[in-house]
Every structure is written in structure tokens, then in C-alpha cells.
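Trainee: Produce the complete structure using the sequences and hints provided.
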Amino acid sequence: MSNQDKPIDFEKERRKIKSVKKMKDIMTHYYIDAKTAGETGKKVAWITSGGPVEPLIAMDVIPVYPENHGAMIGASKMGVDLCEKAEGMGYSGDLCTYALADIACSPVDGGPIGGLPKPDMLVCCNNICGTVLKWYEVQARYYDVPLFILDTPFCHTEFSAEAQQYVRRQLDEYLVFLETACGRTCDRDRLQEVGRLSMAGQRLWQAVLDTTVNKPAPMSAFDAFFHLALIVTLRGTQTVIDYYTELLAEMQTRVAEGISAVPDEQHRLLWDNLPIWYRTKWLSEKFASHKACLVADTYTSAWCGSLQYMNEDDFLGSMAEGYSRIYLNIGTDQMAAMVLGMIDKYAAEGLVMHSNRSCKPYSLGQYDIARIVQEQRGLPTLIIEANMTDARSFSESQVETRIDAFMEMLKA
Amino acid sequence: MLTVGIDIGSISAKAAVIQDGQLVGSKVMLTGYNAKTAGEKVFADLLAELDLARDAPDRIVATGYGRNSVAFAHKAVTEITCHARGAHFQDPAIRSIIDIGGQDSKAITLNEAGGVRDFAMNDKCAAGTGRFLEVMARALEVDLDGFGALSLKAQNPAAISSLCTVFAESEVISLIAKGARRADIIAGIHESVAARVAAMANRVRVQAPVMMTGGVAHNIGVVKALEAKLGYPVQVSAYAQVNGAIGAACLAAA
Ligand code: SF4
Chain A
1 MSNQDKPIDF EKERRKIKSV KKMKDIMTHY YIDAKTAGET GKKVAWITSG
51 GPVEPLIAMD VIPVYPENHG AMIGASKMGV DLCEKAEGMG YSGDLCTYAL
101 ADIACSPVDG GPIGGLPKPD MLVCCNNICG TVLKWYEVQA RYYDVPLFIL
151 DTPFCHTEFS AEAQQYVRRQ LDEYLVFLET ACGRTCDRDR LQEVGRLSMA
201 GQRLWQAVLD TTVNKPAPMS AFDAFFHLAL IVTLRGTQTV IDYYTELLAE
251 MQTRVAEGIS AVPDEQHRLL WDNLPIWYRT KWLSEKFASH KACLVADTYT
301 SAWCGSLQYM NEDDFLGSMA EGYSRIYLNI GTDQMAAMVL GMIDKYAAEG
351 LVMHSNRSCK PYSLGQYDIA RIVQEQRGLP TLIIEANMTD ARSFSESQVE
401 TRIDAFMEML KA
Chain B
1 MLTVGIDIGS ISAKAAVIQD GQLVGSKVML TGYNAKTAGE KVFADLLAEL
51 DLARDAPDRI VATGYGRNSV AFAHKAVTEI TCHARGAHFQ DPAIRSIIDI
101 GGQDSKAITL NEAGGVRDFA MNDKCAAGTG RFLEVMARAL EVDLDGFGAL
151 SLKAQNPAAI SSLCTVFAES EVISLIAKGA RRADIIAGIH ESVAARVAAM
201 ANRVRVQAPV MMTGGVAHNI GVVKALEAKL GYPVQVSAYA QVNGAIGAAC
251 LAAA
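As you go down the protein sequences, you meet chains A and B in turn.
Numbering of the first sequence is given in the numbering used here, commencing with residue 1 and proceeding in unit increments.
Numbering of the second sequence is given in the numbering used here, commencing with residue 1 and proceeding in unit increments.
Calculated Cβ distances over 10 Å to all of chain B for the following chain A residues:
| id | residue |
| --- | --- |
| 1 | 11 |
| 2 | 15 |
| 3 | 85 |
| 4 | 265 |
| 5 | 342 |
Anything over 12 Å on all C-beta distances counts as not near chain B; from chain A, calculated:
| id | residue |
| --- | --- |
| 6 | 38 |
| 7 | 171 |
| 8 | 184 |
Derived pair list, reagent style DMTMM-like, types lysine to aspartate or glutamate, alpha-carbon separation capped at 25 Å:
| id | chain 1 | residue 1 | chain 2 | residue 2 |
| --- | --- | --- | --- | --- |
| 9 | B | 75 | A | 400 |
| 10 | B | 36 | A | 400 |
| 11 | A | 411 | B | 112 |
| 12 | A | 43 | A | 179 |
| 13 | A | 43 | A | 120 |
| 14 | B | 75 | A | 396 |
| 15 | A | 411 | B | 91 |
| 16 | B | 75 | A | 285 |
| 17 | A | 35 | A | 109 |
| 18 | A | 281 | A | 400 |
| 19 | A | 360 | A | 333 |
| 20 | A | 345 | A | 250 |
| 21 | A | 118 | A | 84 |
| 22 | A | 215 | A | 13 |
| 23 | A | 118 | A | 81 |
| 24 | A | 16 | A | 210 |
| 25 | B | 36 | A | 408 |
| 26 | B | 75 | A | 265 |
| 27 | A | 215 | A | 349 |
| 28 | B | 75 | A | 264 |
| 29 | A | 21 | A | 250 |
| 30 | A | 35 | A | 144 |
| 31 | A | 22 | A | 285 |
| 32 | A | 134 | A | 120 |
| 33 | A | 134 | A | 87 |
| 34 | B | 36 | A | 396 |
| 35 | A | 118 | A | 33 |
| 36 | B | 75 | A | 408 |
| 37 | B | 153 | B | 134 |
| 38 | A | 281 | A | 349 |
| 39 | A | 360 | A | 94 |
| 40 | B | 229 | A | 368 |
In case anyone wonders, no lab produced these hints; they're calculated from the structure.
If you're wondering where the values come from, they're calculated on a predicted model, not measured in any experiment.
Positions of the beta carbon are idealized from the N, C-alpha and C atoms, including for glycine.
Mentor: Right, dumping it as C-alpha cells:
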């Protein structure tokens with residue numbers, strides 16, 4: 001039977017999120033712009049996912065995210081091949097597979113889009129992990145371009161005045177670095193405006209995520225994993241605001257019309273850690289077969305989680321705290337408090353944790369968080385062992401048994 | 001009411017028949033290459049042994065890794081839920097189960113009704129499973145059945161520090177080369193399995209009374225090592241290998 005002969009599943013069509021197409025178009029244009037930057041005279045900076053992107057936008061530099069690229073590599077199931085290549089180059093298989101895939105892509109222009117556009121500079125912020133330091137050093141040597149490192153102290157409990165001053169000074173140095181690399185000065189008013197747009201975008205993203213407080217939820221974490229790309233890559237632009245405004249409206253319509261992400265939603269769960277990119281479809285169908293919706297997650301909410309520390313009227317000044325107090329840069333107790341807050345807000349009845357071989361800072365402390373959730377809310381946790389990009393660490397039958405058993409337990 | 005539970009594990013296929021709350025028979029055979037035919041065969045053979053017609057069972061529940069390949073079952077339930085139910089059937093006082101099978105190990109805590117409270121399974125690794133012991137038995141040229149008794153003769157258990165089956169095997173080979181006693185090496189192997197499983201069990205906070213199930217429960221050396229690590233006695237199920245199938249048969253009746 002050819003595709004055209006297939007009967008249309010109207011129910012499935014109704015459930016599809018219509019904004020997806022627009023999002024794909026935006027991302028395609030973004031990558032075309034970045035890849036043709038050489039011809040248009042624009043500069044390209046590679047930046048870590050938690051890095052301060054607003055100054056780049058203000059300076060008209062195109063930000064490119066190797067981690068977003070890593071996610072695309074994972075989703076297109078090219079991770080194993082690239083990780084093996086990196087291992088062949090001498091890198092340990094225990095490293096973060098985003099780093100491995102990126103390093104392996106560079107010499108061969110590999111991956112789903114034929115490699116990332118060459119960088120003119122690199123911006124690395126260690127608020128997400130320590131891996132990025134060595135990763136960006138490797139790439140700075142490879143491309144022979146300047147590297148700026150923003151060092152954000154770990155915030156076990158609080159953000160001290162010394163830490164504020166320390167990061168604030170580096171932000172000034174960051175602007176000087178960009179001015180030198182671009183050969184022109186940074187317009188502070190423009191930066192303030194970009195900051196305003198960035199915060200507006202983050203608020204909208206939070207509003208989109210919050211539509212899942214509704215029962216049934218109009219979208220799931222699997223949808224959020226997809227729609228996240230904009231707030232990561234184009235934060236600080238009007239494009240993000242326009243798109244999320246539209247997406248929010250679509251979600252509100254779905255809520256009004258009772259269109260749910262999972263047919264006949266019966267169970268609501270919270271996801272922790274990065275997605276398992278090469279298995280999102282399988283996982284989403286697996287949970288849906290149990291009428292379970294992953295209504296929220298700690299990952300996609302990380303790009304609006306520190307809004308409370310940001311100040312629109314003093315964007316540059318508040319960036320220090322906002323960029324330091326992100327989910328991966330705080331103590332386990334604070335992470336647990338955020339997880340508990342999300343459980344309450346989204347009325348989740350269980351936690352699903354991806355224990356991710358790749359991302360140590362995210363996976364460390366998960367057993368403690370699971371224990372705290374058990375003690376304080378009496379809710380169970382399912383642990384899935386995998387790796388976000390490298391399918392060699394995923395065992396379908398083991399994961400399937402765990403999910404099935406967990407759901408049997410919840411239903412009993 | 002007559003119900004059947006079929007448990008297709010990675011190494012062995014098991015079946016149990018329960019009639020009006022009584023276990024009337026059970027059977028274990030090798031799964032082999034084809035999980036589907038193994039399920040059919042263990043089912044047919046057991047019914048034949050019990051002189052039951054093929055259509056005698058009212059309901060059938062399949063469990064284990066091959067649970068979805070048993071086409072004639074009415075329902076598939078995971079081995080976690082089935083083990084809990086099986087242990088509860090054998091002894092309602094049981095609050096925790098430690099199951100060490102061919103390819104995985106798990107720790108399950110139970111509520112009063114025999115339902116699952118929490119569970120943990122080993123990661124994708126053979127260490128701490130029956131397969132690990134098989135590999136070691138081969139390296140030591142000892143029959144696996146003699147492993148338990150031999151280890152009790154140990155005077156000075158060897159330290160096996162590696163968590164990886166392949167590395168542990170080379171550790172064992174170098175211990176043999178150094179002239180370590182077999183009994184001591186085997187005791188060391190049991191301790192390393194027990195340490196791994198106990199860590200997992202503590203993660204879900206197992207409570208006494210604990211029942212041990214799975215093929216490895218027949219190995220007295222592992223049981224003793226586990227008791228030492230946990231600090232309380234471990235009850236070995238009389239139906240260690242068929243506990244999952246018994247649980248499945250119980251659930252079929254529910
Ligand atoms: S280790 Fe984790 S935080 Fe760091 S780059 Fe890899 S995935 Fe991102």
C-alpha cells in the first residue's frame with residue numbers, strides 16, 4: 001500500500017501541533033543564514049547552551065550551538081557513528097557525547113546538515129558543566145579562533161556579593177572581547193533592548209510550558225523538547241516572541257477544545273534530564289500506550305528557570321546572577337526543591353529520570369532527588385539508564401520492562 | 001478456576017498452574033533461540049504432565065522478557081509485578097524480594113497486598129547476574145552447581161574488585177596464576193555479586209523478611225554473602241525459579 005492510499009487518521013491529525021511546520025521553517029532559515037554568513041559578511045560565534053547570548057545578538061553576530069547540533073545528530077541517529085569516530089581520534093567514550101559528536105564532525109563536515117558553519121569566535125560558559133571548557137579549547141585550537149570563557153561559580157545555596165562582582169567583571173570583559181573580535185563598539189541601548197526581548201521570550205516560553213497544568217495537557221515534554229530549540233538559539237530576537245505567541249495561542253485553543261497530547265490522559269509524570277534524542281518517538285508512544293503524559297520536565301524549563309533573578313531595567317547587571325543560578329549550577333537540595341515545585345504545579349504523580357551517561361552534572365544527585373521526592377511527596381521514581389546521543393547505551397527491552405513495571409505499579 | 005503463568009526469561013522458560021488457590025504444578029526448560037516456541041512448549045509439556053487439556057486453563061498471563069511473544073496469553077505483565085505477587089503467594093509476610101536471574105538482577109519491595117512499592121534493576125551489565133557466575137565457572141573449570149558448596153570451604157576470600165564481567169574474568173585468571181585456592185576465588189566472586197546486589201537493594205530500602213528468587217537463589221554461597229552484606233537472613237524461595245510464573249498465574253486468577 002503506498003502512502004497515498006493510507007486512510008487519514010483524523011484523530012491523529014487533530015492531535016498534531018500545527019505550529020511545528022513554522023518552527024521547522026524558522027530553524028531552516030536560521031541555519032541557512034548561519035551557513036552563508038561568510039557571504040553576507042556576518043560573523044558566527046559558537047556558544048554553549050547556557051551561555052549569555054544576548055550580547056552576540058546585540059552585536060549582530062550569529063550564535064551557533066554545538067549542543068543543538070548534538071541534539072540534531074542524536075535525533076537523526078548519527079550519534080553512534082560520530083562517537084566512534086571521536087573515540088578513534090583518541091577521545092574517551094566516557095566523555096559527553098555532544099562534545100564527542102561535535103569534535104568528530106569538524107574535520108569531516110559530518111552530521112545531518114553537513115557540519116556547522118565555521119566559527120569566527122567561541123564563547124564558553126561553564127554554568128552547565130566543566131566538559132565545555134576542554135571541548136571549546138579543543139575547538140579553538142582546531143579552528144584557530146579566539147575563545148572567551150565565562151566562569152560562573154557554583155551556587156550551592158546562594159549567590160554571594162563576591163560572586164556577583166566576579167561574574168559582572170567578566171561580563172564587561174566579554175563585551176570587550178566581542179568589540180575586539182567584531183571591530184566595533186557594542187551599543188548598550190541595543191543590548192538593553194535585546195535583554196528585554198530575551199526576557200519577554202523566556203516569559204512566553206514559560207507560559208507555553210505552563211499550559212500543561214491543564215488536564216488533559218495540550219502538549220507533553222516530548223513536544224517541549226522540539227519547540228525548545230528557539231528559546232535556546234534565538235533568545236533575544238523578535239522571532240522567538242512571535243513564534244511563542246503563536247504557539248501559546250495554539251495551546252490555549254487546544255485546552256479550550258480539549259485536545260490532549262496523549263489520548264485519554266490518565267497519568268501525569270515529570271521528566272528529568274536531557275531527552276534520549278534517538279528514542280523520543282518510541283518513548284512518547286510507550287508512555288502514551290499507558291495513557292501517561294510527561295507533562296513537564298526539568299530540562300526545557302531550564303531556559304526560563306532563572307527569570308526571577310533577571311532585571312529588565314538593568315539587564316547587563318542582572319545577567320551575572322541570572323546566568324549563574326541555572327538548574328545545573330545549583331546544589332542538589334535546590335534542584336530537589338525545584339522538582340518538588342514542579343510536581344505540585346503540574347500535579348505529577350511520578351518522576352521519570354533519565355540517568356544520562358553523557359551528562360554527569362545532570363545525573364549526579366538524581367538518586368538523592370528521587371529519595372527526597374519519595375520522602376516529601378510519597379511519589380515513586382523510574383530511572384532509565386541511557387545516553388542522550390549514543391544509542392549504544394540504550395537497551396530497549398530493559399527500558400520497556402522498567403516502564404511497564406512502573407506503570408503497573410502506578411495503576412495498581 | 002484454573003490459571004497458568006508463563007515466564008519467558010532470557011535463559012529459561014517457566015510455567016506454573018494454579019487451581020483454586022493451590023499450586024498444582026510447574027516446569028522449567030531452556031528458552032533457546034525462539035522465545036515463541038519456548039512458551040508454547042513449556043505450556044504444552046506442563047499441561048500434558050498434569051493430564052490437562054489445552055483448553056483447560058481459564059486464563060493465562062505471560063511475563064518475562066519474552067512476555068509479548070506468548071500469543072495465546074490473555075495478558076502480559078512484567079516480571080516485577082509477577083515476582084511480587086508470587087512471593088506474596090508463597091509467604092504473605094514477605095516485604096522484599098531479591099531476584100537474580102540469568103541476565104539481570106532486581107530488588108523489589110512489597111506492600112501488604114503483594115503489590116509493588118518500589119523496584120530497582122541492574123544496569124545493562126552482566127555483573128551481579130547468573131551470567132557473571134557462568135563466565136566465572138568456565139574460567140575456573142568448575143561446574144556451576146558445585147559453586148555454592150565449594151565457596152563455603154573458603155578460608156580467605158579473594159578480593160575481586162572489578163565491576164565488569166570481562167575485567168573480573170581476567171582478575172580471576174590472574175588469581176589462578178598466582179596460585180590462589182579455588183574456594184577462595186569463588187567466595188570472592190560471590191562477595192562481589194552480593195556487594196553489587198546489596199547496593200541496589202539498599203537503594204530501594206529493602207526490609208526483612210526478604211525472599212530470594214531466580215536461579216542464583218540455589219547458590220548457597222551467594223545467599224550467605226548477601227546475608228552478610230544486608231545484615232539479616234534471606235529466605236530462599238522453595239520455588240525460586242518459577243516464582244515469576246506462579247505470580248503470573250495468581251494475577252491471571254485475579
Ligand atoms: S556534559 Fe551535560 S551540560 Fe555539559 S555539554 Fe554535555 S550534555 Fe551539556
